[in-house]
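What follows is each chain in one-letter form.
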Amino acid sequence: MAETTAHAVAHHAPPQGPIRKYVFSTDHKVIGIQYLTLAILSAFIGMALSWAMRIHLAWPNASIPLLAWLSPNGAPNGVMTPEYYLSLMTMHGTIMAFFVLTTAPFAGFGNFALPIQVGAADMAFPRLNMASFWTTFLGFLLAAATFAIPDGPPISGWTAYAPLSAVGSAAGPGQGWGQTLWVLAVACFCVASLLGALNFIVTTLDLRTKGMTLSRLPLSTWAWFIDAWVSLLAFAVLLPCGLLLALDRLGGTSFFIPGGSVFNDKVLPHSGGSPLLFQHLFWFFGHPEVYIIILPAFGIVAHIFPTFIRKPLVGGWKVITFAEIAVGTLSFIVWGHHMFVSGMSPYMAMVFSVPTLFITIPSVIAVLIWVFSLYGANIRFDTPMLYCLGFLSLFITGGIGGFFLAQPSTDSYLHATSFVVGHFHFTMGLSAVFATFAGFYYWFPKMFGRMMNETLGKIHFWLSFVGVYCVFMTMHMTGFAGAVRRYSAFVDDFMVPLIPIQKFMTVAAVVLGAAQFIFLFNAIWSRFKGPKAPDNPWEATTLEWDTTSPPPFDNFGGRQLTVYHGPMEYDGDKSVMQTSPEPSIAGT
Amino acid sequence: MVGKVFAVVVVLVTLVTAYSVITHVWWMPVDISVHGPKIDHQIEETILVAGLLFIAGQVVLATFVFLYGGAKNKPKQIPGGAKPLVLFAFILVGTEVLALSFIGSKAWGAVYFEAPDPASMKIDVQAGQFAYYFRYPGPDGTFGKLHPELINEGNQNYFGLDTDNDADAKDDIVTAELAIPVNKPILLTLHSKDVGHSFYVRELRVQQDFVPGLNLPIHFTATQTGRFEIVCTQLCGLGHYNMKAYLSVLSQADFDEWLKKQAAMQ
Amino acid sequence: MKSQHRVAAVAVPVLLLAVVLLCTVPDVAAAAGQIVGTVKLDGTAPHQKPIDMSKDPSCAQTRSGPASMESVVVDAKGGLANVVVYISQGLSGNEPALSQQVMLEQKGCQYVPHVVAVNPGQHMTVVNDDKTSHNIHPDPKPGGGNNAWNKSQLVGGPPIDVSWASEEVAIPVKCNVHPWMRAFIVVVKGPYGVSNDSGSFKLDGVPPGTYTVTAWHETYGTQTQKVTVAADKPATADFTFKAK
Numbered sequence: 004m005a006e007t008t009a010h011a012v013a014h015h016a017p018p019q020g021p022i023r024k025y026v027f028s029t030d031h032k033v034i035g036i037q038y039l040t041l042a043i044l045s046a047f048i049g050m051a052l053s054w055a056m057r058i059h060l061a062w063p064n065a066s067i068p069l070l071a072w073l074s075p076n077g078a079p080n081g082v083m084t085p086e087y088y089l090s091l092m093t094m095h096g097t098i099m100a101f102f103v104l105t106t107a108p109f110a111g112f113g114n115f116a117l118p119i120q121v122g123a124a125d126m127a128f129p130r131l132n133m134a135s136f137w138t139t140f141l142g143f144l145l146a147a148a149t150f151a152i153p154d155g156p157p158i159s160g161w162t163a164y165a166p167l168s169a170v171g172s173a174a175g176p177g178q179g180w181g182q183t184l185w186v187l188a189v190a191c192f193c194v195a196s197l198l199g200a201l202n203f204i205v206t207t208l209d210l211r212t213k214g215m216t217l218s219r220l221p222l223s224t225w226a227w228f229i230d231a232w233v234s235l236l237a238f239a240v241l242l243p244c245g246l247l248l249a250l251d252r253l254g255g256t257s258f259f260i261p262g263g264s265v266f267n268d269k270v271l272p273h274s275g276g277s278p279l280l281f282q283h284l285f286w287f288f289g290h291p292e293v294y295i296i297i298l299p300a301f302g303i304v305a306h307i308f309p310t311f312i313r314k315p316l317v318g319g320w321k322v323i324t325f326a327e328i329a330v331g332t333l334s335f336i337v338w339g340h341h342m343f344v345s346g347m348s349p350y351m352a353m354v355f356s357v358p359t360l361f362i363t364i365p366s367v368i369a370v371l372i373w374v375f376s377l378y379g380a381n382i383r384f385d386t387p388m389l390y391c392l393g394f395l396s397l398f399i400t401g402g403i404g405g406f407f408l409a410q411p412s413t414d415s416y417l418h419a420t421s422f423v424v425g426h427f428h429f430t431m432g433l434s435a436v437f438a439t440f441a442g443f444y445y446w447f448p449k450m451f452g453r454m455m456n457e458t459l460g461k462i463h464f465w466l467s468f469v470g471v472y473c474v475f476m477t478m479h480m481t482g483f484a485g486a487v488r489r490y491s492a493f494v495d496d497f498m499v500p501l502i503p504i505q506k507f508m509t510v511a512a513v514v515l516g517a518a519q520f521i522f523l524f525n526a527i528w529s530r531f532k533g534p535k536a537p538d539n540p541w542e543a544t545t546l547e548w549d550t551t552s553p554p555p556f557d558n559f560g561g562r563q564l565t566v567y568h569g570p571m572e573y574d575g576d577k578s579v580m581q582t583s584p585e586p587s588i589a590g591t
Numbered sequence: 053m054v055g056k057v058f059a060v061v062v063v064l065v066t067l068v069t070a071y072s073v074i075t076h077v078w079w080m081p082v083d084i085s086v087h088g089p090k091i092d093h094q095i096e097e098t099i100l101v102a103g104l105l106f107i108a109g110q111v112v113l114a115t116f117v118f119l120y121g122g123a124k125n126k127p128k129q130i131p132g133g134a135k136p137l138v139l140f141a142f143i144l145v146g147t148e149v150l151a152l153s154f155i156g157s158k159a160w161g162a163v164y165f166e167a168p169d170p171a172s173m174k175i176d177v178q179a180g181q182f183a184y185y186f187r188y189p190g191p192d193g194t195f196g197k198l199h200p201e202l203i204n205e206g207n208q209n210y211f212g213l214d215t216d217n218d219a220d221a222k223d224d225i226v227t228a229e230l231a232i233p234v235n236k237p238i239l240l241t242l243h244s245k246d247v248g249h250s251f252y253v254r255e256l257r258v259q260q261d262f263v264p265g266l267n268l269p270i271h272f273t274a275t276q277t278g279r280f281e282i283v284c285t286q287l288c289g290l291g292h293y294n295m296k297a298y299l300s301v302l303s304q305a306d307f308d309e310w311l312k313k314q315a316a317m318q
Numbered sequence: 021m022k023s024q025h026r027v028a029a030v031a032v033p034v035l036l037l038a039v040v041l042l043c044t045v046p047d048v049a050a051a052a053g054q055i056v057g058t059v060k061l062d063g064t065a066p067h068q069k070p071i072d073m074s075k076d077p078s079c080a081q082t083r084s085g086p087a088s089m090e091s092v093v094v095d096a097k098g099g100l101a102n103v104v105v106y107i108s109q110g111l112s113g114n115e116p117a118l119s120q121q122v123m124l125e126q127k128g129c130q131y132v133p134h135v136v137a138v139n140p141g142q143h144m145t146v147v148n149d150d151k152t153s154h155n156i157h158p159d160p161k162p163g164g165g166n167n168a169w170n171k172s173q174l175v176g177g178p179p180i181d182v183s184w185a186s187e188e189v190a191i192p193v194k195c196n197v198h199p200w201m202r203a204f205i206v207v208v209k210g211p212y213g214v215s216n217d218s219g220s221f222k223l224d225g226v227p228p229g230t231y232t233v234t235a236w237h238e239t240y241g242t243q244t245q246k247v248t249v250a251a252d253k254p255a256t257a258d259f260t261f262k263a264k
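Protein chains in written order, with the numbering used here: chain L, 4 to 591; chain W, 53 to 318; chain G, 21 to 264.
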């Protein structure tokens with residue numbers, strides 16, 4: 004491919020004053036760290052919500068004092084009501100899926116690293132970038148505001164199916180202002196994501212430095228680039244879906260509400276709408292969304308792996324990147340697998356099932372590439388690599404669960420059981436989180452100029468890895484027993500005997516959550532007291548390691564870099580910087 | 053050292069998982085439906101296929117991590133490079149996937165692609181926040197028309213029947229429990245009064261959502277008598293966790309007596 | 021002064037004062053009147069279908085027998101229960117809200133009582149005496165001045181205290197988890213009475229005067245009568261509703 008000569012780099016003077024430097028900054032590095040900070044805050048909030056949920060499931064009569072303070076309505080005397088459980092569950096899913104998983108690996112690390120990795124001084128549209136972050140933050144504030152409403156946050160789940168989400172408070176507590184604020188929060192997130200995706204695409208295509216052909220792009224940049232396209236097409240559908248939902252709620256329309264609906268013995272004045280339309284629109288976004296979450300994780304792992312195995316990935320940049328393109332593309336034609344028993348035509352179930360099973364193939368290719376790259380390697384087990392290896396194990400497990408859910412016949416038993424919850428926590432949840440941790444431990448020195456503590460990192464890893472299996476593999480098992488998800492309490496005859504297992508999962512979840520504080524402490528302490536980091540502590544190859552830690556405000560201190568090599572060249576087990584003018588044994 | 057520990061932990065986790073699944077520690081209840089064995093067989097097939105991939109993947113990962121930790125000589129690539137891996141993915145996984153699709157379509161088809169038996173007993177099912185109500189057509193074999201504006205749950209008119217003026221509705225039998233005779237084809241028509249709900253009976257291997265605005269059919273034949281739970285699996289509001297009804301599969305004689313008793317209570 | 025004289029000097033004025041006070045202080049108990057009566061149903065009540073509570077087996081734990089719906093509760097002599105009798109005309113409108121706490125109980129997965137009456141501003145308590153969670157969902161008229169709400173009450177949960185701002189005849193209350201549950205809250209000013217199982221009702225604390233009295237039943241609607249209440253003679257108002 005023809006390389007693009009460096010041009011159109013945003014030349015701007017360094018920002019002055021703390022507001023311009025750290026708050027309303029157009030510097031992609033600051034914005035990336037702002038996104039990461041928002042993601043970490045959201046992750047701890049989401050985790051606290053999950054603790055409250057899990058404690059309630061195991062001990063339904065337990066009084067949780069903090070809850071009584073947060074919502075006297077939702078938890079009289081600290082004991083959670085059924086509607087408050089669903090509110091916490093809805094916000095757990097919303098906060099985690101949007102503000103953690105779609106934010107950290109993509110907007111967080113992507114913003115920080117992509118411009119540096121292509122050799123640019125900033126993103127193509129720095130002010131748009133700043134607007135994207137603050138719009139995301141506004142969405143977060145709106146989501147947080149749902150907790151302040153007397154009736155609480157919505158109870159319809161992060162999937163907000165209509166008509167439950169569309170008819171207003173007739174359907175239950177939280178469905179009035181709570182649901183409306185939620186729709187606004189998600190709409191803000193959509194707009195921010197669309198703007199961010201534009202920035203990523205244009206930067207990757209237009210701002211590559213001299214010698215940085217597409218074939219020499221770091222694998223993380225490729226993944227962010229592919230992800231931006233998927234993001235653009237998927238969020239472009241979620242936004243109108245949310246608009247139609249808002250119109251049904253506030254504008255008297257009936258996109259999703261049929262005629263003859265009766266709530267509290269009163270017929271609602273709606274007619275002609277289709278609840279299935281909502282599901283199609285939501286999942287047309289919702290399925291690609293899980294790949295929007297995992298593709299940057301793929302990219303981060305693919306980027307970190309070669310450094311810690313001291314050799315290129317098997318198949319070079321092409322195989323893994325084409326696998327990612329295949330996954331991203333196929334992700335748009337499988338959404339109906341969330342709707343096998345929804346009342347959609349059973350023939351459509353087969354139409355969606357086949358590509359859902361076939362999407363396994365590029366995913367398996369990616370996993371095989373990583374696993375077989377370990378063959379003959381000199382593996383370095385620093386914390387970033389441990390997390391990459393953990394990612395592999397979790398992703399294999401999660402992916403295998405997919406086989407059961409991709410087939411309508413087996414899904415008809417497992418749909419809406421805790422099997423599904425275990426499956427998506429392994430794949431889009433914890434695999435992506437492990438890749439994010441890998442990225443965090445890996446890029447922390449570059450971001451802050453200091454190293455994180457390795458011992459604490461390893462303790463964090465072991466507790467997390469074992470904890471994840473204890474909590475979420477067990478959920479697959481209870482799912483086989485038919486344990487239904489989204490229940491605030493277990494009163495059914497067949498679910499009561501499973502309560503001891505619920506208690507086990509709760510204890511494991513609390514330990515898993517507590518381990519994350521080790522990470523938080525490590526990050527905060529190392530930020531200020533960690534040993535100073537050299538420019539290239541991991542002996543990596545890509546452009547971000549050819550500048551100071553942290554980089555100067557224009558990334559390269561006025562230098563115009565020229566790229567001579569791909570991102571994965573090694574002489575023996577010595578890495579070759581992309582900017583090294585020396586030819587290598589491996590060649591360009 | 054770290055790598056070796058990782059490898060051991062991965063293998064242990066794999067063994068515990070595989071053991072739990074193979075020995076069915078927490079498992080599906082006994083199947084009581086005609087189409088159930090096909091679904092159960094498909095699940096066992098998937099466990100075999102997916103299980104082998106799971107074990108292989110984790111064990112190979114663990115093995116390589118165990119063997120290749122630390123700095124040695126010049127790193128080497130796997131002979132053959134990416135090509136055998138890509139071929140393996142396409143051929144082996146592709147074949148598996150095609151096989152599961154085609155065989156699985158038969159299990160799915162047994163539930164959905166076959167028309168219901170014309171002699172099926174028809175029962176109307178309504179789901180509404182947060183209970184199920186069932187309706188039998190009565191001696192005239194016809195269901196009365198539903199009038200949503202007449203629904204009055206405090207007066208137990210759950211379906212909105214106009215029993216004063218509608219002859220078909222007068223003999224409809226409305227119950228809070230679904231009783232059916234054993235070994236007889238049943239055709240349920242599901243509709244929702246308000247939001248989305250779902251009809252899930254584990255033992256029948258049946259799960260079907262109720263969609264407001266639609267009348268969705270589901271048919272099956274139960275092969276064993278007993279009392280089973282119908283639970284809601286589509287989030288419908290605060291009472292979702294406590295939305296259930298009992299399915300009673302009875303002998304024909306017991307069913308006839310039950311229906312007579314219910315009719316007398318209308 | 022001799023001691024007997026001293027005692028008399030104190031006791032007599034005190035006694036005189038007591039007599040004067042007793043004669044002049046308005047005797048509320050004696051002055052306020054009552055309206056009593058019986059409500060009957062003329063004809064056959066519609067079939068009160070038994071309620072099948074099998075969807076929640078824990079309901080049975082706090083029940084003593086089978087349950088039926090309560091839209092028309094009539095005894096063997098035709099006495100109609102759950103009729104709210106209140107004064108619709110003739111009150112000054114300045115009556116303060118009664119201070120007694122009215123209780124609405126959830127027991128055996130039914131509301132006890134089926135109908136409660138309260139004044140605007142009078143407090144009522146909702147309690148859950150069952151072994152299952154309920155949600156209490158009153159559905160007042162939109163724009164009528166009373167706010168709708170919907171709250172769960174767990175097993176052993178604290179009582180819910182509530183009062184209503186405006187008069188309303190009548191606010192239906194339902195539990196969504198147990199859809200057969202139904203109660204009515206009738207919010208009216210002034211004295212009120214609810215007919216018992218034999219159809220008898222009593223309004224206490226009615227100042228003497230002429231009033232229009234309304235009887236309300238959830239199925240049969242309203243009827244009115246004029247009564248005159250004297251301080252020492254309870255007024256009688258009997259009502260008969262005709263079965264459809």
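Careful, some of the hints might be misleading.
To be verified - No more than 27 Å apart at the CA atoms, straight line, and that leaves these computed lysine-lysine pairs for DSSO-like: (1) L/K321 - W/K135; (2) L/K577 - W/K128; (3) L/K577 - L/K535; (4) W/K135 - W/K197; (5) G/K97 - G/K246; (6) W/K135 - L/K461; (7) L/K535 - L/K461; (8) L/K269 - G/K97; (9) G/K264 - L/K269; (10) W/K312 - G/K69; (11) L/K506 - G/K151; (12) L/K577 - W/K313; (13) W/K222 - G/K262; (14) W/K222 - G/K222; (15) W/K222 - W/K236; (16) G/K60 - L/K269; (17) W/K124 - L/K577; (18) G/K69 - W/K313; (19) G/K127 - W/K222; (20) L/K269 - G/K161; (21) L/K577 - W/K56; (22) L/K321 - W/K128; (23) W/K236 - L/K321; (24) G/K127 - G/K222; (25) W/K197 - G/K246; (26) L/K24 - L/K535; (27) W/K197 - L/K269.
Hints in this document: simulated from the structure, not taken from any laboratory.
Against the 27 Å threshold, does the CA-CA distance of L/K577 and W/K56 hold or violate the hint? OK: L/K577 and W/K56 at ~24 Å, within 27 Å.
Hinted pair G/K60 and L/K269, Cα distance within 27 Å: Answer violated: G/K60 to L/K269 is near 30 Å, above 27 Å.
Against the 27 Å threshold, does the CA-CA distance of L/K269 and G/K97 hold or violate the hint? The hint is violated at about 35 Å.
Given pair status - L/K535, L/K577, alpha carbons within 27 Å: Holds. L/K577 to L/K535 sits at ~23 Å (cutoff 27 Å).
Decide if the proposed pair is consistent with the structure: G/K127 and W/K222, CA atoms, cutoff 27 Å inclusive. With Cα atoms ~32 Å apart, G/K127 and W/K222 exceed 27 Å; violated.
Does the alpha-carbon distance linking G/K127 and G/K222 stay inside the 27 Å limit? Satisfied, since the Cα-Cα distance of roughly 25 Å is no more than 27 Å.
For the pair supplied as a hint, W/K222 and G/K262, is the alpha-carbon distance within the 27 Å limit? Holds: W/K222 and G/K262 sit about 23 Å apart, inside 27 Å.
Between L/K321 and W/K128, is the straight-line Cα distance small enough, at 27 Å or below? holds (19 Å)
Holds or violated: L/K577 to W/K313, with C-alpha atoms at most 27 Å apart: The hint is violated at about 85 Å.
Quickly compare the C-alpha distance for G/K97 and G/K246 to 27 Å and report which way the hint goes. holds (25 Å)
Straight-line alpha-carbon gap G/K69 to W/K313, limit 27 Å: Measuring from Cα to Cα gives roughly 12 Å; hence the hint holds.
Does L/K535 pair with L/K461 here, judged by a C-alpha cut-off of 27 Å? holds (20 Å)
The structure fails to meet hints 4, 6, 8, 12, 14, 16, 19, 23 and 25 from the earlier list, while all remaining hints are met.
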